[in-house]
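Per our numbering, the sequence shown runs over residues 898 to 1035.
Some hints could be false.
[Claimed, not checked] Using 25 Å as the maximum straight-line C-alpha spacing, the simulated SDA-like pairs for lysine to any residue come out as follows:
hint, residue 1, residue 2
1, 930, 994
2, 934, 964
3, 991, 925
4, 934, 993
5, 943, 993
6, 943, 979
7, 991, 1032
8, 934, 916
9, 930, 1020
[As the list claims (entries may be wrong)] Derived Cβ-Cβ restraints for the label pairs, each shown as a range:
hint, residue 1, residue 2, range
10, 947, 984, 15 to 23 Å
11, 970, 936, 34 to 42 Å
12, 992, 919, 31 to 39 Å
13, 939, 964, 26 to 34 Å
Just so you know, the hints here were simulated from the structure itself, not pulled from any lab data.
Glycine included, every Cβ here is placed at the ideal spot set by N, Cα and C.
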Amino acid sequence: MDERLRPFLGTWILDPDTSNYEQGSVPWGGSLKIVEKNGEIGFFMKTVEGEGETVEANFSGIPDGEDRPMPQNPFADTLSLSLNTDGDLVSEAKRGGLSIMVAKRELNEDGSQLTVYQTVHLLDAGSFTNEAVYMRAQ
């Protein structure tokens, strides 16, 4: 495993007060767990939405920048995961070769805060970026 990935691993707690969403409402709360197993990075997200509904989403990828098939996903057909030159962990989902979602995960200097900038591209409505701020769980 690339050692630059290690600081991203662990459990993160959403800070709704410092998060900012252009699309939809900021969840009441949530968590993000990032794990590594056999060179693959897994993301396990859970949020509590404004109506009290719990939403879960999970995905995984190999952080090598290659587009890989996502056969079980109704929205995207490929996903790539990579570290960019700034050391951010970036995933990109595509459908028919077109980027439909990019998520950039950026750590603060001491690794205690993770900010996820998720940009969704909608053909009929433009692009929207949600900024979710997470604090490392103790």
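Of the numbered hints stated earlier in the document, which are not met by this structure? 1, 3, 4, 5, 7, 8, 9, 10, 11, 12, 13
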